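Q: Chains as they are written, first to last, in this note's numbering: chain A, 49 to 298; chain B, 49 to 298; chain C, 343 to 642; chain D, 343 to 642.
Hints in this document: simulated from the structure, not taken from any laboratory.
In this text the structure is predicted, and so the values were computed from the model without any measurement.
We put the beta carbon where it would ideally sit given N, CA and C, even for glycine.
Among the clues, some could well be false.
[Stated by the list, open to error] One side of the interface only, derived from the structure: several residues of chain B facing chain A at Cβ under 8 Å:
1. C76
2. D77
3. G79
4. A97
5. R125
6. L221
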Amino acid sequence: MKRSYRKGIIPSNIQIAPNIYEMKLATCDPGFGFKGKPGQFYMLRGWEAMDPFLARPISISDISNGVITFLYEVRGRGTHIFSKLKEGDVLELLGPLGAGFDLNVKGKVALISGGIGIAPLIYLMKRLGNNMDFYCGFRSVPYYTDRIEGKVNNIYITTEDGSVGHKGFVTELFIPEKYDTVITCGPTPMIKTVVEMCKEKNVPVYVSMENRMACGIGTCLGCAIETTSGMLRVCKEGPVFSGEEVIFDD
Amino acid sequence: MKRSYRKGIIPSNIQIAPNIYEMKLATCDPGFGFKGKPGQFYMLRGWEAMDPFLARPISISDISNGVITFLYEVRGRGTHIFSKLKEGDVLELLGPLGAGFDLNVKGKVALISGGIGIAPLIYLMKRLGNNMDFYCGFRSVPYYTDRIEGKVNNIYITTEDGSVGHKGFVTELFIPEKYDTVITCGPTPMIKTVVEMCKEKNVPVYVSMENRMACGIGTCLGCAIETTSGMLRVCKEGPVFSGEEVIFDD
Amino acid sequence: MISTKVEICGVEFKNPVIVASGTFGFGREYAEYFPLSRLGGISSKGLTLNKRDGNKGIRIYEVASGIMNSIGLQNPGIDGFIENELPFMEKQGTVILANVGGNTLEEYIISVDKLNDTNIDIIELNISCPNVKKGGMAFGIRSKTAYEVVTEVRSACKKPLIVKLSPNAEDIVEMAESCTKAGADGLSLVNTFNGMAIDIYNRKPVFNNITAGLSGPCIKPIALRMVYEVSKAVDIPIIGLGGIMDYGDAIEFIMAGAHCIQVGTANFIKPDISIDIIEGIEEFMKDEGIKSLDEIRGVV
Amino acid sequence: MISTKVEICGVEFKNPVIVASGTFGFGREYAEYFPLSRLGGISSKGLTLNKRDGNKGIRIYEVASGIMNSIGLQNPGIDGFIENELPFMEKQGTVILANVGGNTLEEYIISVDKLNDTNIDIIELNISCPNVKKGGMAFGIRSKTAYEVVTEVRSACKKPLIVKLSPNAEDIVEMAESCTKAGADGLSLVNTFNGMAIDIYNRKPVFNNITAGLSGPCIKPIALRMVYEVSKAVDIPIIGLGGIMDYGDAIEFIMAGAHCIQVGTANFIKPDISIDIIEGIEEFMKDEGIKSLDEIRGVV
Ligand SMILES: Cc1cc2nc3c(=O)[nH]c(=O)nc-3n(C[C@H](O)[C@H](O)[C@H](O)COP(=O)(O)OP(=O)(O)OC[C@H]3O[C@@H](n4cnc5c(N)ncnc54)[C@H](O)[C@@H]3O)c2cc1C
Ligand SMILES: Cc1cc2nc3c(=O)[nH]c(=O)nc-3n(C[C@H](O)[C@H](O)[C@H](O)COP(=O)(O)OP(=O)(O)OC[C@H]3O[C@@H](n4cnc5c(N)ncnc54)[C@H](O)[C@@H]3O)c2cc1C
Ligand SMILES: Cc1cc2nc3c(=O)[nH]c(=O)nc-3n(C[C@H](O)[C@H](O)[C@H](O)COP(=O)(O)O)c2cc1C
Ligand SMILES: Cc1cc2nc3c(=O)[nH]c(=O)nc-3n(C[C@H](O)[C@H](O)[C@H](O)COP(=O)(O)O)c2cc1C
Ligand code: FES
Ligand code: FES
């Protein structure tokens with residue numbers, strides 16, 4: 049039997065860039081450590097009451113010695129509450145959920161992130177043995193790029209305001225035909241562009257999708273997206289899909 | 049203009065008996081200190097979201113140098129949240145509210161508390177210059193009695209299980225005719241008994257009443273109770289009433 | 343320059359934010375927290391012909407993201423209002439709505455007649471208070487009964503007449519249409535939803551009246567839907583309310599078609615929340631380049 | 343010894359806790375968290391005659407103490423259910439309710455007919471799904487239409503028939519009476535409330551269908567009131583639901599007159615919350631010296 053929500057205790061929850069936080073969680077159950085593959089996620093609750101009501105899906109950004117790292121952006125009420133949690137505070141989490149990335153990809157890999165989409169790719173980068181380039185785009189202040197340095201061949205940083213690296217979008221630097229596999233996570237418009245670029249050059253591309261979730265385990269059908277194989281659940285069949293199968297609506 | 053909710057920061061929030069906590073709050077506004085008379089109360093919110101929805105009324109148990117002390121019992125969700133707050137946490141409070149106790153009482157005074165009803169009476173005791181006896185009843189573990197010791201002539205402690213002091217209820221020890229004024233706060237059945245005892249002996253008695261509150265400032269009429277002068281608001285005309293005017297329903 | 347002005351029934355509101363009946367008393371207590379002149383308007387506590395003490399037992403009960411109330415129209419009566427409360431309200435520099443409730447048609451008529459000669463701006467006819475046992479409820483449920491009541495009150499009433507609808511109505515759109523036909527100058531909706539709570543340890547309903555009125559953010563999605571449907575169906579101005587807690591909620595109601603909005607239960611959560619909402623609306627308009635609320639009213 | 347057993351329509355439930363349609367899939371995902379045999383029963387995801395992909399756009403939207411959903415009855419169709427899901431469900435050792443939705447009376451009849459020859463225990467007829475545009479809604483609003491539909495389905499149906507009522511019905515009591523007269527063996531209520539949300543920055547409704555179904559603790563007080571009123575009016579067993587989050591809520595519904603209760607949206611908050619509720623009911627019974635739920639059912 050899988051365990052339902054577990055309590056995790058916070059060793060640290062620090063701001064690493066404007067609106068961006070890194071939270072670590074250790075288990076409250078002796079002898080147990082958090083688990084999960086790159087691309088998988090947890091549903092997090094930082095409240096006992098019924099408003100906010102739903103848990104929030106957050107990707108695994110790292111796991112080491114059973115301590116899990118989440119990298120998150122404050123967007124609304126839930127992530128705002130997360131950002132206020134302090135060392136020693138406890139929150140509840142359910143997971144690991146979703147199918148995650150295929151770790152048996154071949155050849156040279158491009159990892160492409162937009163904003164907080166870097167979170168799952170960092171963990172993936174650590175687990176992939178491949179020859180990799182990392183393209184990461186930010187609005188203004190880059191973060192986590194020090195963790196990439198040295199682990200990949202090339203790192204391409206872009207910012208929308210040009211404050212660091214190339215001014216503009218990652219997709220302006222990316223050349224699909226240089227890679228055997230492309231893996232991307234970020235805002236949907238970016239994902240869509242990457243997929244189109246890859247399709248054009250016939251390069252296999254994997255995308256990690258976001259959608260609003262209620263249950264996180266596949267029963268509410270709230271997170272289902274249109275694919276060439278019908279409606280598929282981001283929380284169950286996903287969040288990683290082949291770029292070819294996702295039908296992006298306009 | 050009165051100020052709406054203010055933020056208060058917690059220097060300490062400690063458990064002093066099973067389910068009983070003492071929380072201190074300092075102001076977050078420079079140059080401002082919390083104010084209030086004995087018998088007045090504040091509406092406290094320890095949450096930003098909409099569940100729990102209402103603020104909770106808690107009596108002033110002490111104020112010194114602008115730092116306010118609340119003594120509270122964990123009963124439901126709101127007070128449970130209060131009990132989890134830690135040093136440095138911030139909560140919102142509105143007050144002081146209500147009319148409070150008349151401090152110009154004459155003669156020998158009996159203060160009679162049941163359980164957490166001790167909270168406002170402690171502050172009152174500190175502000176009254178009178179000759180006083182303090183009757184305090186508890187379920188099992190007494191608290192705050194060390195603050196009473198030395199400040200009154202006699203202190204009578206009762207516990208329902210007999211673990212400390214007289215086994216039984218305070219009303220079993222209390223002799224109304226010994227006093228010129230009686231002031232009581234606690235569970236309604238206790239208040240009712242005290243009022244009946246005093247009425248019989250023609251001793252003036254003041255009671256601090258509790259009722260469910262929404263607004264705390266006199267507009268919702270949710271806290272109104274029946275009195276000989278019509279419906280009166282616990283939050284506005286009260287929480288202190290003359291025992292003779294309250295109509296207790298059965 | 344942005345303008346938050348709204349006109350309904352020939353009455354000008356400096357902004358669309360009215361405080362809702364029963365959640366603001368007659369303004370006195372709130373006047374200690376902010377100048378009431380900042381408000382678009384104030385709807386008085388529900389008035390009945392005669393003074394009422396209201397209900398016994400528990401009157402307020404917290405539920406998930408809301409409250410239930412069973413106040414039972416405690417109020418000083420029309421005469422008490424005119425004598426003791428109205429003089430204060432008149433001085434505040436904001437639109438005054440007199441919220442009128444009642445048990446019988448006759449009572450409504452006499453009440454309205456007494457208010458005709460005062461300085462109140464608008465009569466808000468509450469045909470929907472769920473906490474009055476006789477009549478009050480029934481008026482607001484069936485469109486036919488409502489039509490009759492509103493027709494009679496309309497002919498007795500010399501002030502602009504806004505009818506406040508109950509979400510417990512069988513068919514809110516039909517109800518709105520009936521009241522419009524009967525001559526209402528505007529509609530306000532919604533009043534509280536009929537709800538219930540049980541004390542499982544005492545094995546009894548929490549409220550002496552068994553049911554009570556549900557309000558607060560928990561009802562917002564349903565209230566908004568009703569305002570949307572009604573605004574598509576009738577041509578008279580609508581005041582939207584039900585669970586409005588911030589400017590975002592207020593804008594939603596306006597986009598659903600409301601001319602003004604009312605802030606009810608939220609007043610209990612923060613005495614000056616209506617000011618936050620007014621300022622929030624202004625900022626939203628600035629940020630989004632909206633000059634007048636006409637541009638967004640009913641855009642959805 | 344306490345017993346949580348309940349019998350309705352000749353079917354025995356080991357306890358009164360059924361998981362609600364659309365919130366539990368066909369049980370597979372939850373089976374990973376606890377043995378489904380612990381449940382009183384499972385109501386399947388709403389089934390339509392043909393496979394449906396459901397709605398596009400936003401499907402789930404969080405609101406104060408609840409959610410709105412516009413799934414649009416995504417389901418494998420009756421045949422897909424019988425072939426791929428039912429065999430799994432049959433093995434779980436709990437009562438199976440097949441929740442049947444549809445756009446037309448004909449569709450209902452064919453669906454029910456296909457289910458007649460299966461091992462499902464009960465048909466729960468959903469006359470109230472607000473997310474299907476044609477027909478589905480209307481059936482659940484007017485008592486007269488519901489009467490006609492239920493009468494026809496009743497004569498086609500060889501299984502016990504429970505009709506699931508919409509809280510959007512014009513008059514929930516009249517609706518319950520009509521369905522009872524039409525031959526329903528039981529009633530379940532409530533389905534989701536019709537609500538709305540607006541994206542104020544895009545100036546558009548959040549949902550492609552404009553309105554969506556509201557569920558969760560925010561609706562509990564209204565749902566409880568409806569269950570109470572209906573249970574006083576009809577003699578057939580009632581399954582109560584709407585915002586049940588813990589055993590206390592469940593006991594409230596039982597005291598209001600429900601035989602069984604359903605746990606819906608709460609399943610999304612904690613996969614094994616239904617087990618907490620079952621255990622909570624048992625403990626409450628022990629603490630309060632209640633041997634059978636018959637002692638407290640409808641005490642209020
Ligand atoms: C599989 C998956 C993995 C994710 N991993 C991360 C991560 O590692 N780091 C990170 O910062 N964010 C991640 N997100 C996005 C994150 O879940 C949302 O930013 C977050 O839920 C917003 O919650 P809120 O309370 O701050 O915002 P609110 O707007 O208050 O949320 C309201 C509701 O909408 C939902 N919601 C709002 N925005 C999104 C969104 N973009 N995606 C999904 N649901 C949303 C919320 O979950 C909530 O139910 C992930 C999303 C998914 C689906
Ligand atoms: C004027 C006044 C002064 C008070 N002073 C103190 C004090 O100094 N220390 C202390 O421990 N308690 C005090 N109380 C009681 C305290 O307000 C309640 O115990 C508290 O509100 C319970 O909240 P909860 O969330 O823990 O319980 P819940 O049961 O979850 O509360 C649900 C709702 O019911 C209300 N409620 C429940 N019980 C009571 C009650 N007994 N009185 C009023 N409202 C209630 C809550 O405020 C809330 O709105 C006082 C009450 C009043 C009216
Ligand atoms: C305590 C209380 C008292 C109320 N009294 C009245 C009243 O006297 N007359 C009336 O028309 N509405 C009354 N209402 C209803 C509100 O005006 C409003 O219609 C309802 O609460 C929904 O709005 P909200 O969710 O913003 O509170 C009352 C509501 C509450 C909470
Ligand atoms: C995501 C979701 C899907 C639902 N699907 C169905 C359905 O297919 N058939 C049905 O009868 N009810 C459906 N419902 C309604 C629930 O079964 C239940 O009646 C309603 O949500 C109220 O109960 P709750 O507040 O406990 O969730 C659905 C509810 C939700 C939240
Ligand atoms: S979140 Fe419920 S099915 Fe994916
Ligand atoms: S709490 Fe609102 S009037 Fe007293």
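Q: So, for every hint listed, does it hold in this structure?
A: Each hint tested on the structure:
Taking 8 Å as the C-beta contact cut-off toward chain A, the hint placing B:C76 at the interface is violated, the least distance being around 15 Å. Hint on B:D77 is violated. Least Cβ distance to chain A is approximately 20 Å, over the 8 Å limit. Given hint, B:G79 at the interface with chain A, is violated; its Cβ is 26 Å from that chain's nearest Cβ, farther than 8 Å. Contact between B:A97 and chain A, as hinted, is supported at the beta carbon level, the nearest pair being about 4 Å apart and thus within 8 Å.
Nearest Cβ of chain A to the Cβ of B:R125: about 7 Å, under the 8 Å cut. The hint holds. About 41 Å separates the beta-carbon of B:L221 from the nearest beta-carbon of chain A, more than 8 Å, and the hint is not met.
Violated hints for the displayed structure, listed by number in ascending order: 1, 2, 3 and 6.
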